[in-house]
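Colleague: As a plain string of letters, each chain reads:
Number of protein chains: 2
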Amino acid sequence: MTTTEIPNWLEQRAFLTPDRIAIKTETKEITFLQLHNHALKKANQLTYAGVKKNDVVAILMKNSIEMIEVIHALKYIGVITVLLNTKLSNQEIEWQLIDSKTNMLITEASFHEKTIHFDKNRLFIEDMPSLPEKAFEVEKTFSIEKTDTIMYTSGTTGQPKGVMQSYGNHWWSAIGSSLNLGLHQDDRWLAIVPFFHISGLSILYKSVIYGITAVIHEGFDAKKANDAIMKYGVTIVSVVSVTLTRMIEELAGRTYPKSFRCALLGGGPAPKPLLEACIEHQIPVFQTYGMTETASQVVTLSPEYSISKLGSAGKPLFPVQIKIERDGIIAEPNESGEIVVKGPNVSIGYFNRPDATSEAIKDGWLYTGDIGYVDDEGFLFVQDRRSDLIISGGENVYPAEIEAILLSHPHITEAGVTGVEDKQWGQVPIAFIKLAEEGILNTDDVIYFCEGKLARYKIPKSIYIVDTLPRNASNKLLRRKLIELIEG
Amino acid sequence: MTTTEIPNWLEQRAFLTPDRIAIKTETKEITFLQLHNHALKKANQLTYAGVKKNDVVAILMKNSIEMIEVIHALKYIGVITVLLNTKLSNQEIEWQLIDSKTNMLITEASFHEKTIHFDKNRLFIEDMPSLPEKAFEVEKTFSIEKTDTIMYTSGTTGQPKGVMQSYGNHWWSAIGSSLNLGLHQDDRWLAIVPFFHISGLSILYKSVIYGITAVIHEGFDAKKANDAIMKYGVTIVSVVSVTLTRMIEELAGRTYPKSFRCALLGGGPAPKPLLEACIEHQIPVFQTYGMTETASQVVTLSPEYSISKLGSAGKPLFPVQIKIERDGIIAEPNESGEIVVKGPNVSIGYFNRPDATSEAIKDGWLYTGDIGYVDDEGFLFVQDRRSDLIISGGENVYPAEIEAILLSHPHITEAGVTGVEDKQWGQVPIAFIKLAEEGILNTDDVIYFCEGKLARYKIPKSIYIVDTLPRNASNKLLRRKLIELIEG
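Chains Y and A, in that order, give the protein sequences. Per numbering that gives the first Met the number 0, the very first residue in the first sequence carries number 0; after that it's consecutive. Per numbering that gives the first Met the number 0, the very first residue in the second sequence carries number 0; after that it's consecutive.
If you are wondering where the hints come from, they were derived from the structure by calculation, not from laboratory data. Errors might be hidden in some of the hints.
Where chains are identical, the list cannot tell them apart; a pair therefore holds if satisfied intra-copy or between any two copies.
[Said to hold, decoys possible] Listed next, the in silico BS3-like pairs over lysine-lysine satisfying Cα-Cα at most 27 Å (straight line):
no., residue 1, residue 2
1, K322, K40
2, K308, K52
3, K27, K230
4, K257, K230
5, K460, K361
6, K52, K322
7, K361, K145
8, K257, K113
9, K271, K460
10, K452, K257
11, K139, K322
12, K230, K452
13, K460, K223
14, K222, K40
15, K61, K308
16, K308, K51
17, K460, K27
18, K52, K433
19, K322, K222
20, K139, K361
Just chain Y, same shape as in the assembly (with noise of 0.2 Å):
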């Protein structure tokens, strides 16, 4: 058997539809042959300043035309991609650039100061007109086992780890949500979610892979997401909790057109207030459940169950399995369990990191770390993600990341870092401290030391110095006991 190879998709896509509109901004719009050309035109120049077959290129850049040029023009040369976090501090950047063994790292002028540390083979975007073009043999067809963009995620160990995202994966994950949604050929999906998730690219690859128009906001903004639904035709729309309760807070009472036909809503449990808001305002919401390693939804939930299922993240997507595992023993319906996962779309696993890849991933069963159970109808509900994963904004913060680096600081003996509710994000990390000694350090030089090394959204918005932390017998912290410290 030879291995399956899919044509070039943006280049297959020029080929087939040139003239549909590829991407749309508020000022700009291009088609597909016109997105193939500056592709090809950047990695001609890409080639020029060096890139070659099987590199690894990063990009730091936010949402733009530019942006998706580059991811393009990388693919075309054969390169693998990191995508950075631009929320991310100097350190984790510099962190996932050392440990993806990038070769290059493309960037904007405005993350000049973030990126200092890489000035070897640091390209701006800014600078890219100027650069001189050199041929390269452009990749005629993509191989469904080949490593196309890699995307860091923290477990509970709080090492980030680089999690291998193959062609097959993005095109499976494609195939399972139109097999899902559906497909109309005036289909435009807007994308308020940065590409450097998976939540966000996936709606890049789905626009060429399908031949439907990407609109795309640089930044989230309530009235500007409601005016591409009201007036220029989109159909499909990206969300999490927080987008979503201030698009409809924003609508003030109006109607999303028939043309609307999905919120795809992700990112962590959606509250029920917003749910029930989306049944009042007719809004069709599609609930769902994925991770990067599943390179984006493997479970959705249907309107049409919102109401009977609510709470629920729904039924697998066509080519993915999911299973309930409780002591290695398949649990029962209704019964609690870690959600499992099996499907073309589940990561070939973490860069580099060969154990912590067969421990989360056997026999292509992606254990997940999330608690859930499916009921008698088979409808997934998901209890609780990775124990003690807090997602704020939809930004998934793991308490373990924001621990070792209180830790790093000489005057911290112990550290513990749960979420709380909040009504802007979701959730926040609050952190409790013990202080090796009394008064050595308050809140705020805490505050101040977190600064830089983590990024923003990930900065504890309260510190709590404590005496002593939960902890079970084995001495294990009981980051779910945090909150009782407060509470009491």
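Add chain A to chain Y, keeping to what the hints say.
Modeller: Then chain A, alone, in the frame of chain Y:
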């Protein structure tokens, strides 16, 4: 890398959307859950009857819900299914059963005479209701590489070959089609083509993979086909020129509703007057090019190009690549040559014919034997199907196969078959023969001799007794020159 596995299609579909209508006939509809339950029951019965995983089982049946249930049941067990053309003669059926090493034949009472030679493991569908059941292990997933079905096709040699279609071939065909035509949740696909042909079978698979309704008619009836579109919500229909022509005639000036979004026109080149009639009646006709070896369509022309690219079969489906080869070199645009296609829907090969396989499929590229060119914009124009292929009412007729039968007569020393235009069938075969001795046979004798040996549609409509057949210097029959013998 582990092999890509997809959950058992019908089982997964019945789990995901149990209550959607899977099949609708003129008198009955069944949901996906019912279809699954029926298929499971039949699989249990077939297990009782001795069928087991990796067996080869042939089906000779007319389109019906029962046939669909059997097709799925065999997949549940993990059987390779041979789909037999009901129009074949006794001898042809016997040949295919032997060649495919079939363990069991599932047929219906009306084909008792036709299959009398295979009385050992013959199961009549009418006898199934009384068969006991026996449990077996349901195939929970389908491996992309595994052979699912075998369909026989002839080539220039006249010897039919069993085209193996893997689960992956069918899967990718369905996906490629959805990326081209889109996928609407309320789609209903009308099947008036037999399920033993890939054009029919692929509708059943799409129904299950997409979660849409297959509307099935036992045979073709223009009024019923039009009613299905006008009254029963059919949105897509697969047709050949002959059937579409009759549907337009029966329409008698009425227009189809807007919900009817695609007439997928395959089975040979479309006559220009038919395409013009489609434009006149605003029928969304998509011309296609495909074959058994590509598990259905690989090239499709959207209606927007019906006029500007009249006569073209269109551009490839997203996962497919095409090229035109001329003496081993890729032809220039507008230059004719052999049509060569590559993609994950290209057959894994001919059953038990490694030589024929390696001759037809090289490095994943299928040499179709068809002649055509690609224009400046990449549109394919098919000029000649396999040089000597006759397409009669959508059925492929291979001259060499008929010639072989004619030459098996002791008094026929030379034979040549070609196609002539026919108002009703598009083309029909005619034969030219040379006798061992003048007057030893008349044309009626020859027709009588063919009956039972050849399917009715392959029996020459006229027989011409001639003194000499046109041959080239190396004495190779020049089939295209045959027609001159009667034109002169």
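Colleague: So, for every hint listed, does it hold in this structure?
Modeller: Results of checking the hints against the structure:
{"no.": "1", "hint": "K322 - K40", "verdict": "between (46 Å within a copy, 25 Å between copies)"}
{"no.": "2", "hint": "K308 - K52", "verdict": "neither (48 Å within a copy, 38 Å between copies)"}
{"no.": "3", "hint": "K27 - K230", "verdict": "within (15 Å within a copy, 44 Å between copies)"}
{"no.": "4", "hint": "K257 - K230", "verdict": "both (12 Å within a copy, 24 Å between copies)"}
{"no.": "5", "hint": "K460 - K361", "verdict": "neither (37 Å within a copy, 63 Å between copies)"}
{"no.": "6", "hint": "K52 - K322", "verdict": "between (39 Å within a copy, 26 Å between copies)"}
{"no.": "7", "hint": "K361 - K145", "verdict": "both (20 Å within a copy, 23 Å between copies)"}
{"no.": "8", "hint": "K257 - K113", "verdict": "neither (44 Å within a copy, 55 Å between copies)"}
{"no.": "9", "hint": "K271 - K460", "verdict": "within (25 Å within a copy, 72 Å between copies)"}
{"no.": "10", "hint": "K452 - K257", "verdict": "neither (46 Å within a copy, 59 Å between copies)"}
{"no.": "11", "hint": "K139 - K322", "verdict": "between (38 Å within a copy, 13 Å between copies)"}
{"no.": "12", "hint": "K230 - K452", "verdict": "neither (42 Å within a copy, 66 Å between copies)"}
{"no.": "13", "hint": "K460 - K223", "verdict": "neither (29 Å within a copy, 69 Å between copies)"}
{"no.": "14", "hint": "K222 - K40", "verdict": "neither (35 Å within a copy, 55 Å between copies)"}
{"no.": "15", "hint": "K61 - K308", "verdict": "neither (37 Å within a copy, 42 Å between copies)"}
{"no.": "16", "hint": "K308 - K51", "verdict": "neither (50 Å within a copy, 40 Å between copies)"}
{"no.": "17", "hint": "K460 - K27", "verdict": "neither (39 Å within a copy, 63 Å between copies)"}
{"no.": "18", "hint": "K52 - K433", "verdict": "neither (50 Å within a copy, 64 Å between copies)"}
{"no.": "19", "hint": "K322 - K222", "verdict": "neither (40 Å within a copy, 49 Å between copies)"}
{"no.": "20", "hint": "K139 - K361", "verdict": "between (33 Å within a copy, 18 Å between copies)"}
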